[in-house]
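In order, the protein sequence lines correspond to chains U and F. My numbering numbers the first residue of the first sequence as 79 and each following residue consecutively. My numbering numbers the first residue of the second sequence as 35 and each following residue consecutively.
Hints are computed from structural coordinates only; laboratory data are not their basis. Don't be surprised by glycine CBs; every beta carbon is placed ideally from N, CA and C. There is no bait here: all hints are sound.
Beta-carbon label-pair distances, calculated as ranges: (1) F:Pro318 with U:Ser355: 28 to 36 Å; (2) F:Ala69 with U:Ala155: 29 to 37 Å; (3) U:Lys205 with F:Ala56: 53 to 61 Å; (4) U:Gln117 with F:Gln92: 39 to 47 Å; (5) F:Gln92 with U:Val128: 32 to 40 Å.
Below, simulated DSS-like cross-link-like pairs (lysine-lysine); rule was C-alpha separation at most 30 Å, straight line: (6) F:Lys379 with F:Lys491; (7) U:Lys152 with F:Lys117; (8) F:Lys168 with U:Lys152; (9) U:Lys152 with F:Lys176; (10) F:Lys425 with F:Lys496; (11) U:Lys472 with U:Lys100; (12) F:Lys339 with F:Lys379; (13) U:Lys472 with U:Lys505; (14) F:Lys496 with F:Lys379.
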Amino acid sequence: MSDPGEALANAKAAADRIVKAKRLNACLTPPKELRQSLQKQAQAAHPSGVLYGMPVAVKDNICTLEFTTTCGSKILAGYRSPYEATAVAKLKAAGALVAGKTNCDEFGMGSSTEHSAYGRALHPFDKTRVPGGSSGGSAALVAAGAVPAGLGSETGGSVRQPASFCGIVGIKPTYGRVSRYGLVAFGSSLDQIGVFGRSVHDAARVLSVISGRDPRDSTCEARDPLRLPTVPESLQGFVIGIPKEYFPPDLDSAVRRACDRAIRVLKELGAAVREVSLPHTQYAVPTYYIIAPAEASSNLARYDGARYGPRYDGALDVRTLYRTTRGQGFGPEVRRRILVGTYVLSSGYYDAYYRQAQQMRALIAQDFRNVFDRGVDLLFTPTTPTPAFKAGEKLADPVAMYLSDIFVVTANLAGLPAMSLPIGRIKGLPIGGQLIGQAFLEDEMIEAAYALERMVPGTEDA
Amino acid sequence: MTAGGGWETVIGLETHVQLRTASKMFCGCSAAFGAPPNSNVCPVCLGLPGALPVPNEQALKLAVRAALALGCTLHPKSVFARKNYFYPDLPKGYQISQFEQPLATDGALSYLSPERGLTTATIVRLHVEEDAGKSLHDRFPKQTAIDLNRCGVPLIEIVTGPDFRSPQEARRYLQTLKQVLEYAGISDCDMEKGSLRVDANVSVRRAGAAALGTKTEVKNINSFAYVEKALSVERDRQIALLEGGGTVAQQTLLYDSKTSSVRPQRSKEESHDYRYFPDPDLPPLVLTEEFVAQQHAQLPELPAKKRERFMAQYALGVADADVLTGDRAVADYYEAVVHAGADTKLAANWVINEVLGDAKTHQEQLRVPPGALAQLIGLVRGSTLSQQAAKRVFAEVAERGGEPRNVAEALGVVQVADSGVVANWVSEVLGAHPQEVIRYKSGDTKLIQFFVGQVMKLSRGKADPKLAQRVLEEKLAA
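All chains, full assembly: derive it from the sequences and hints.
Pasting the structure below:
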């Protein structure tokens, strides 16, 4: 597409579809503002860009100039960033349009998009269920067909898990592949911007555009943007590892069936499939729930009401101002994680928790290196232990909620690229399979995903 | 020095030094002092959501040079850490600093103690960090104004061991530290502008005791003159407490220069838990040998080395060499005078007495060019000018410029070495003082100085005093 008239019409159609999907509560941008902005953006977009005219929904924890950036939190209600994220700037430079800001768990803390100050987002196929989280809004909009692609962000699976629940493709790149500049920090050593698409190709080409060096992020690698692979005829020569720890005896039998079918397809495509072991997997969730809250407790210290965001005045002293602003501005899950993070960094507890968790993190990363060093190119696992769960089901039990991320947090801890793609349905609800690749070898992972996508009946019951 | 009553004072210093860079530690904002409030700010130093720090390479170069100048062990890998605390002038809610793995440790700085002579202070650690903003409590009634211009300005913190035994020693160390850092172009070290700030840990113990007493931390010492005062006040307070049977409480004290007293810092949180942890936004700082070598090559000759060289090369005493090398500009000036041909010792005298004396009253400017001073010194040595006349010429050149030779002629102070002219002045003087002539001739030869003085007076300084004395002796002997 390179015709400005067509781009304008497409932008209007996208706005109509997003507004029509309003019942999902996936988009936080008011309809009128969205329409006006999309029209303006379509007029200003670069026709020569590789994503010319493509509407991309953006998670609300990624800074944009067009719309507010609230991170799903009351503490940033009405906040307008004076600058935009590097990923967003790259999207726009490629001709894409920022198609509104999407609902998410507050500051990315959650697995269901229920922990949003702006109400929960709904699963696109079953309104009683959650779309997953924390990037549930972007996932739901893409799954509903409102936009071809969306940006999300991951700290511990927040793109792959909702992609699995919503039946779409979600890619989390290698840590350092995409600039974090303008991604509002949750757990800085784990955070990466990720992408959603209804096809591997849509997700991959958006990822390619936003990837690459950025002098404003010291943790972003000085590498050229990701080059897209071609769709392979077969997977001859690929060695795909099946880590046994991701297929425990009590794994949901339908999930197992879907995975088995996908594994059969991989073999049929010519890949060598091998069982492997990642022995420290069982420690991943506890490790994650020490490191991520520790970093969050520090990253979220800046929201004190002194410079931006709503401020609870009437405080007689600065301590009261902080307490009231933060006490009222943050939701319960964010407060819980700040408390946990503050605790594990406190003197006297640091060694027992934070330092131990860092050591465990290194062991988990080493597990992956050991497997890859023995000739394995990629790993295949289920993305989530179950399909989308019911809204409210896990709200009273934070640990049950945390365990829905059991198969996805490891890639964040190890900094590896990973993606989810649909491998079937269970009673009509989508379920995803996960590919985990080697650092900065997203192209191999995407190549395998291309092949798998063509051969796996992603919308059929397993 | 032992304070009165057999007490020994023990002091350690933590000095924060602002690095001389154009921009801030983690963003491109100007680090200049004195801009309108909140004008040198951006998303990074304002700590806006999503902004990230990127280290300033020039700041790292200067920090490495500082570590090298202080003889520290540089660590090939150091780690930025977050120091977490809430304060309105700290927009991120944490300060980026270094904690478990600092840039450098185990250095030393030699300084001249007034009591113990040449003494070495140990540098325990040297690390890089960013500054906080400023809270202005007196700007608006009942409100606090925040200026974030200083927020993110690069600093190094230099921590000594408990090595000083008197407030005077602490001050000398600081002066020496300032000298070294100024020499190497690392910092302006201007305490009034806050580019050098010092906190002191102070304790006292019975002379001879091995264990350290309970220490207090003294903050808010904002000029060199106050270092000694503040520390003396705190030392005396502790001694008085202990002698009265009390105990010293470990606490942070603020020095008030107006009342010359210390008072406890008002704070509900006595012991902060800063929850330090490695900053995940910044990869470890890795120094290559090549980088360190490059910084080493950028270091100038440091004051201690220069002092030794001046003593050996120019045959100067330690006191003169110390003054001349105290400031890099003065040292360079002195060497330029010598290179222009002046006698090394005469040049030292002239620079220390006249040039620095003049500079003191003229904003530290060295107003007479080194070549002109060398010429002036030559004129004195060649008896063209008397010492007195030379000082007048110096003042004139300092004020209005010009070649000393021409200035001397214009002022009419060139010495007269014509024996005929001098003989006329001598005859006149002898004729005017018959009594003294008789006393001289009867053996009181010390009067020769009196006659020389009279000749100089009569000639208004123009007579060559040596020639005058010779002519006087000849005439009086006749």
